[in-house]
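Residue numbers (our numbering), protein chains in the order written: chain A, 570 to 873; chain B, 570 to 873; chain C, 7 to 249; chain D, 7 to 249.
Errors might be hidden in some of the hints.
Label-pair distances were calculated between CB atoms; the ranges are [what the hints assert, rightly or not]:
no., chain 1, residue 1, chain 2, residue 2, range
1, A, 866, D, 11, 42 to 52 Å
2, B, 773, D, 232, 18 to 28 Å
3, B, 716, D, 50, 35 to 45 Å
4, A, 742, B, 773, 21 to 31 Å
5, D, 165, A, 742, 46 to 56 Å
6, C, 167, A, 660, 31 to 41 Å
7, A, 873, D, 244, 52 to 62 Å
8, C, 150, A, 607, 47 to 57 Å
9, A, 601, C, 62, 24 to 34 Å
10, B, 779, C, 65, 20 to 30 Å
11, C, 65, D, 165, 51 to 61 Å
12, A, 858, C, 150, 54 to 64 Å
13, A, 858, D, 244, 29 to 39 Å
14, C, 86, D, 191, 35 to 45 Å
Derived DSS-like pairs (lysine-lysine); straight-line CA-CA distance at most 30 Å [as the list claims (entries may be wrong)]:
no., chain 1, residue 1, chain 2, residue 2
15, A, 772, C, 50
16, B, 858, A, 773
17, D, 19, A, 858
18, A, 649, C, 227
19, C, 50, A, 773
20, B, 772, A, 803
21, D, 50, D, 233
22, A, 858, D, 71
23, D, 8, B, 664
24, A, 773, C, 19
25, D, 8, B, 660
The set of hints was computed from the structure by calculation and includes no laboratory data.
In this text, all values refer to a predicted model and were calculated from it rather than measured experimentally.
Cβ coordinates follow ideal geometry from the N, Cα and C atoms, glycine included.
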Amino acid sequence: MVNLSVNLSGIEMANPIIPASGTFGFGYEFAELYDINCLGTFSFKGTTLNPRFGNPTPRIAECEGGMLNAVGLQNPGVDKVISEELPKLAKVFHKPVMANVSGFSLEEYVETVRKLDGEKQIGWFEVNISCPNVHGGGMSFGTSAASAAQVTEAVRKVTSKPLYIKLSPNVTDITEIARACEASGADGVSLINTLMGMRIDLKKKKPVLANVTGGFSGPAIMPVALRMVYQVYKAVNIPIIGMGGISTAEDVIEMMLAGATAVQVGAANLINPYASRDIIDALPAAMEKYGIRSLSEIIGAAHA
Amino acid sequence: MVNLSVNLSGIEMANPIIPASGTFGFGYEFAELYDINCLGTFSFKGTTLNPRFGNPTPRIAECEGGMLNAVGLQNPGVDKVISEELPKLAKVFHKPVMANVSGFSLEEYVETVRKLDGEKQIGWFEVNISCPNVHGGGMSFGTSAASAAQVTEAVRKVTSKPLYIKLSPNVTDITEIARACEASGADGVSLINTLMGMRIDLKKKKPVLANVTGGFSGPAIMPVALRMVYQVYKAVNIPIIGMGGISTAEDVIEMMLAGATAVQVGAANLINPYASRDIIDALPAAMEKYGIRSLSEIIGAAHA
Amino acid sequence: MKQAIYEITRNQKIADHVYEMVLRGDTSAITAPGQFINIQLAGKYLRRPISICDWSDTDITIIYKVVGGGTEQMSEMHPGETLDVLVGLGNGYNTKKSGDAPVLLGGGVGVPPMYGLCKALRAEGKAVKVILGFNTASEVFYENEFRALGAEVTVTTVDGSYGMKGFVTDALKTMEYSYFFTCGPMPMFRAIESVAVTSGQYSFEERMGCGFGACMGCTCKTKYGNKRICKDGPVLEREEIVW
Amino acid sequence: MKQAIYEITRNQKIADHVYEMVLRGDTSAITAPGQFINIQLAGKYLRRPISICDWSDTDITIIYKVVGGGTEQMSEMHPGETLDVLVGLGNGYNTKKSGDAPVLLGGGVGVPPMYGLCKALRAEGKAVKVILGFNTASEVFYENEFRALGAEVTVTTVDGSYGMKGFVTDALKTMEYSYFFTCGPMPMFRAIESVAVTSGQYSFEERMGCGFGACMGCTCKTKYGNKRICKDGPVLEREEIVW
Numbered sequence: 570m571v572n573l574s575v576n577l578s579g580i581e582m583a584n585p586i587i588p589a590s591g592t593f594g595f596g597y598e599f600a601e602l603y604d605i606n607c608l609g610t611f612s613f614k615g616t617t618l619n620p621r622f623g624n625p626t627p628r629i630a631e632c633e634g635g636m637l638n639a640v641g642l643q644n645p646g647v648d649k650v651i652s653e654e655l656p657k658l659a660k661v662f663h664k665p666v667m668a669n670v671s672g673f674s675l676e677e678y679v680e681t682v683r684k685l686d687g688e689k690q691i692g693w694f695e696v697n698i699s700c701p702n703v704h705g706g707g708m709s710f711g712t713s714a715a716s717a718a719q720v721t722e723a724v725r726k727v728t729s730k731p732l733y734i735k736l737s738p739n740v741t742d743i744t745e746i747a748r749a750c751e752a753s754g755a756d757g758v759s760l761i762n763t764l765m766g767m768r769i770d771l772k773k774k775k776p777v778l779a780n781v782t783g784g785f786s787g788p789a790i791m792p793v794a795l796r797m798v799y800q801v802y803k804a805v806n807i808p809i810i811g812m813g814g815i816s817t818a819e820d821v822i823e824m825m826l827a828g829a830t831a832v833q834v835g836a837a838n839l840i841n842p843y844a845s846r847d848i849i850d851a852l853p854a855a856m857e858k859y860g861i862r863s864l865s866e867i868i869g870a871a872h873a
Numbered sequence: 570m571v572n573l574s575v576n577l578s579g580i581e582m583a584n585p586i587i588p589a590s591g592t593f594g595f596g597y598e599f600a601e602l603y604d605i606n607c608l609g610t611f612s613f614k615g616t617t618l619n620p621r622f623g624n625p626t627p628r629i630a631e632c633e634g635g636m637l638n639a640v641g642l643q644n645p646g647v648d649k650v651i652s653e654e655l656p657k658l659a660k661v662f663h664k665p666v667m668a669n670v671s672g673f674s675l676e677e678y679v680e681t682v683r684k685l686d687g688e689k690q691i692g693w694f695e696v697n698i699s700c701p702n703v704h705g706g707g708m709s710f711g712t713s714a715a716s717a718a719q720v721t722e723a724v725r726k727v728t729s730k731p732l733y734i735k736l737s738p739n740v741t742d743i744t745e746i747a748r749a750c751e752a753s754g755a756d757g758v759s760l761i762n763t764l765m766g767m768r769i770d771l772k773k774k775k776p777v778l779a780n781v782t783g784g785f786s787g788p789a790i791m792p793v794a795l796r797m798v799y800q801v802y803k804a805v806n807i808p809i810i811g812m813g814g815i816s817t818a819e820d821v822i823e824m825m826l827a828g829a830t831a832v833q834v835g836a837a838n839l840i841n842p843y844a845s846r847d848i849i850d851a852l853p854a855a856m857e858k859y860g861i862r863s864l865s866e867i868i869g870a871a872h873a
Numbered sequence: 007m008k009q010a011i012y013e014i015t016r017n018q019k020i021a022d023h024v025y026e027m028v029l030r031g032d033t034s035a036i037t038a039p040g041q042f043i044n045i046q047l048a049g050k051y052l053r054r055p056i057s058i059c060d061w062s063d064t065d066i067t068i069i070y071k072v073v074g075g076g077t078e079q080m081s082e083m084h085p086g087e088t089l090d091v092l093v094g095l096g097n098g099y100n101t102k103k104s105g106d107a108p109v110l111l112g113g114g115v116g117v118p119p120m121y122g123l124c125k126a127l128r129a130e131g132k133a134v135k136v137i138l139g140f141n142t143a144s145e146v147f148y149e150n151e152f153r154a155l156g157a158e159v160t161v162t163t164v165d166g167s168y169g170m171k172g173f174v175t176d177a178l179k180t181m182e183y184s185y186f187f188t189c190g191p192m193p194m195f196r197a198i199e200s201v202a203v204t205s206g207q208y209s210f211e212e213r214m215g216c217g218f219g220a221c222m223g224c225t226c227k228t229k230y231g232n233k234r235i236c237k238d239g240p241v242l243e244r245e246e247i248v249w
Numbered sequence: 007m008k009q010a011i012y013e014i015t016r017n018q019k020i021a022d023h024v025y026e027m028v029l030r031g032d033t034s035a036i037t038a039p040g041q042f043i044n045i046q047l048a049g050k051y052l053r054r055p056i057s058i059c060d061w062s063d064t065d066i067t068i069i070y071k072v073v074g075g076g077t078e079q080m081s082e083m084h085p086g087e088t089l090d091v092l093v094g095l096g097n098g099y100n101t102k103k104s105g106d107a108p109v110l111l112g113g114g115v116g117v118p119p120m121y122g123l124c125k126a127l128r129a130e131g132k133a134v135k136v137i138l139g140f141n142t143a144s145e146v147f148y149e150n151e152f153r154a155l156g157a158e159v160t161v162t163t164v165d166g167s168y169g170m171k172g173f174v175t176d177a178l179k180t181m182e183y184s185y186f187f188t189c190g191p192m193p194m195f196r197a198i199e200s201v202a203v204t205s206g207q208y209s210f211e212e213r214m215g216c217g218f219g220a221c222m223g224c225t226c227k228t229k230y231g232n233k234r235i236c237k238d239g240p241v242l243e244r245e246e247i248v249w
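Same shape as in the complex, but just chain A (with noise of 0.2 Å):
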């Protein structure tokens, strides 16, 4: 038998699957699918302290081997993501969800956090400092040490969950900005952020995306993911939840083998509405090809 489960930040997962923010709701779409239970966790829609319509359509792009988005973080605020989303997941989640928060200045992020603070079901805080789709705000705060640094100090003031600061791969260097994040109380980070790209229609001339950029996802951008957790790895001594591209068992286990301690799986959901669940069916298949007995002895070795 093979040991699927990992620890992340004192709290024990059945396995290191989880749904990344964005691309799985607040679950409830995806439990009349399957029984989301299976999963590790998932990381709810990026939420910001007022509702948010985003951006205009169109908003999503399609390119070799993965997908560009611009939803601009739509969400219906904190206070009925509280009232409304919350209890509707109580009733086919049971497990602790990892919360995911945006904000557009240091307060924002600060009262979004602390009125979340409270509600039982949220087990971690994962911070975006990395959106790559709004403007005056999101990406800018990831993109330097300094405001990263200060971004995880103040919201570290309101919260003792496990907090994890979701960083951008748009950066010249992004274990400085782990770095600062560690400093600043992070228990963790999570990497990456869509990778910013764009597409232009050849008949209109013009961008695809009505915000002109928007965020690169699936499985193309994998090995720019796997290169920065590996790089993080070595740069910081708190876990790292890896992600970018990952579709398959097998790159769970490459993922966690460049230093994640868990993995996000955040395109693949929107392809195949099943996909995390399969992922985690494959898991002990694929492991017992590779001679693996348990995912949380291989966090990293690929630094052996």
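Take the given structure of chain A and dock chains B, C and D to it, following the hints.
Just chains B, C and D now, kept in the frame of chain A:
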């Protein structure tokens, strides 16, 4: 009749297609397969002051929609390039060639360009400050605006030929670096060099590449390349050579709409040795399909 | 919604650039005309959403136009080959509000969902008028299929090469009807909106990520809040639409 | 080198995880045994280099082992399907230096190129000894095919389940020979290097980018300078190799 010609810093090219440095050697290997005079030009193998063996093998890994390479600037050194490679090339290629130059110090860049500057075959210089596969040089010049400016300024003094600086995508803000090159005398910029990526061998539980990380090229990186060319086009007034995953005539059009005056075809040459020729052959039909009479008219048209 | 493997039992050209494909497999997830399916294609990352034209207990009929690499790939497939498909997506049309004499307006590849809808309305005993709009004669399809359902069919072509010359709205203006249902391009929708004299339902198109409500890629604003075209749509009622 | 489309006329399992495939098409670019072909597969970015086992005016025979996704995909292809292939890559073996009684040592998937080489040497009238090394009986293939060429064949298996128990070098030590040719894994090469008493040629394997000398992805150092395994190799002479 459609018009494929473009003018790149005063030199008229029959078409905008340029096989990228490191994927076309010094041309004569490909000249055995087809008449390479059909090309706009090509950028020859990255040349350094001294001969280099490059990195240990494995130097190649595969990934979704592309490949990683960590060749590490293997080349015979500038003296042999002048005494052996260029004469061999002269027999099979009768157009100005683009000289790709790398270095590990300011002095090396300057000395290599100075030695090549007298060669009449050379039409343009493409100074690579973005090779991700060498240590203590290469990419480190390309990740800060200050050092990019230094290299540009120093090389500018020893050549009056059109000078292009090849930029790294592994940066937070590529427009800042492009502007620094422009301000320091570059005639143009070429982008993007490869994204830095890695793969791990699940059987060996070690990085696939001996160099650990490698440069990621192929269709998978095109959305990132398009985004950066689009951004740089807005930021500078010098021409851009666009590259990153271009494999079809449609890709060429998309890259030119983003702002490229000419394009480089890289990894595609390795998968299909006739790729650059095939793209040139396919351009007229693609142009007609999208109502384009002259390629030079669509440069940056997606910005309108 | 169900995900399953479907076998192609038919795939043939029925008009310029337009193909009819029949897929054999589980159709139990289809609950209303106007729903769509989402097809995975080799080498393409995103699935291709295609509206359902007709369905039985064992088969789904779709009609698609070759507009890009994905649909071109579909057009080259052969009976016996299989496809991974998500079936029963979207809300579909609500026939309950149709009144006794609804009119259906389909434009180009907006025609196919009108067929399943027409069938459903005829089964409910409604007198159905159908207006099918195309650019030119070579693009016309399914006129006889609609007549076989007992509908009163008018075909319009922009260039007048077949049927009535003009747009679907030119035909609509001459008719009496209790309600309308439509699917087609946005300029057609705007024209209908300006001349229609009853309530009705529009089926919208948008670039989608998942097609089942997860990614928020296709959200639009309505008078009653944000709606996901893929899940809360594609059919919206006239009264809720923000133009 | 030539690039062309080849039709699969045969693709069948001949040992555990090992398949023989015959490709019909232009073979004029093949100039020596030990060369390889580079196969494009749907959904894989890099081509798959596979050594040529045998060829005629119209056909190329390759033997491949399923070791990953690419070769697994190949194993699922059927006669009648086609492949885009670069043919006639690499230098191949130089038979001129063989002397009268060369020995050929193939290990596992290093066996196939020995077949075409054996054929060429036999055509030149040489007395050829062949040692084929496998792990176990179920992996053995082509023993009879080599015998049919008139070679003296020894099969070794590591576990002794077929033929002589041990490694190819255990057989080699017992033989007289004028020269050796080999293809197989690195540990086998090192073992041969330590016991071989004549000159010889080794065929190396390396991860390749292009397979035709453009990318410098597979360069190795030799006593006479850098060589590209794909273009200047894969066959190197014993005297030039840097171990």
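Here's how the hints hold up against the structure:
At about 47 Å, the CB distance of residue 866(A) to residue 11(D) agrees with the hint of 42 to 52 Å. A beta carbon spacing of about 26 Å between residue 773(B) and residue 232(D) agrees with the range 18 to 28 Å that was offered as a hint. Between residue 716(B) and residue 50(D) the C-beta distance comes to about 38 Å, which sits within the given range of 35 to 45 Å. Roughly 28 Å separates the CB atoms of residue 742(A) and residue 773(B), a value that falls within the hinted 21 to 31 Å.
The hint said 46 to 56 Å for the Cβ distance between residue 165(D) and residue 742(A), and at roughly 52 Å that hint holds. Checked against the given bound of 31 to 41 Å, the beta carbons of residue 167(C) and residue 660(A), roughly 58 Å apart, lie outside it. The given range of 52 to 62 Å is broken by residue 873(A) and residue 244(D), whose C-beta atoms sit roughly 35 Å from each other. About 50 Å separates the C-beta atoms of residue 150(C) and residue 607(A), a value consistent with the hinted range of 47 to 57 Å.
Taken as a hint, the range 24 to 34 Å holds for the pair residue 601(A) and residue 62(C), whose Cβ atoms sit roughly 25 Å apart. Separated by about 55 Å at the C-beta atoms, residue 779(B) and residue 65(C) break the suggested range of 20 to 30 Å. At about 55 Å, the CB distance of residue 65(C) to residue 165(D) agrees with the hint of 51 to 61 Å. For residue 858(A) and residue 150(C), the Cβ-Cβ distance of about 56 Å falls inside the hinted range of 54 to 64 Å, so the restraint holds.
For the hinted restraint 29 to 39 Å between residue 858(A) and residue 244(D), the CB-CB distance of approximately 37 Å keeps it satisfied. Under the hint 35 to 45 Å, the C-beta atoms of residue 86(C) and residue 191(D), about 42 Å apart, fit the expected range. Restraint check: the Cα-Cα separation between residue 772(A) and residue 50(C) comes to about 20 Å, which is no more than 30 Å; the hinted pair holds. Between the alpha carbons of residue 858(B) and residue 773(A) the distance comes to roughly 12 Å, so the proposed pair stays at or under 30 Å and holds.
A hinted pair counts as satisfied when its Cα atoms are at most 30 Å apart, and residue 19(D) with residue 858(A) qualifies at roughly 22 Å. Pair hint residue 649(A) plus residue 227(C) holds up; C-alpha atoms about 18 Å apart against a cutoff of 30 Å. Restraint check for residue 50(C) and residue 773(A): satisfied, since their Cα atoms lie roughly 22 Å apart, inside the 30 Å limit. Using a Cα cut-off of 30 Å, the hinted pair residue 772(B) and residue 803(A) holds, with the two alpha carbons roughly 22 Å apart.
Using a Cα cut-off of 30 Å, the hinted pair residue 50(D) and residue 233(D) holds, with the two alpha carbons roughly 27 Å apart. For the hint pairing residue 858(A) with residue 71(D), the CA-to-CA distance comes to about 17 Å; that is within 30 Å, so the pair holds. A distance of roughly 26 Å separates the Cα atoms of residue 8(D) and residue 664(B); the hinted pair therefore holds under the 30 Å criterion. Proposed proximity of residue 773(A) and residue 19(C) is supported: the alpha carbons are some 27 Å apart, at most 30 Å.
The straight-line distance between the Cα atoms of residue 8(D) and residue 660(B) is roughly 22 Å, inside the 30 Å bound, and the hint therefore holds.
Violated hints, listed in ascending order, are 6, 7, 10; each of the other numbered hints is respected by the structure.
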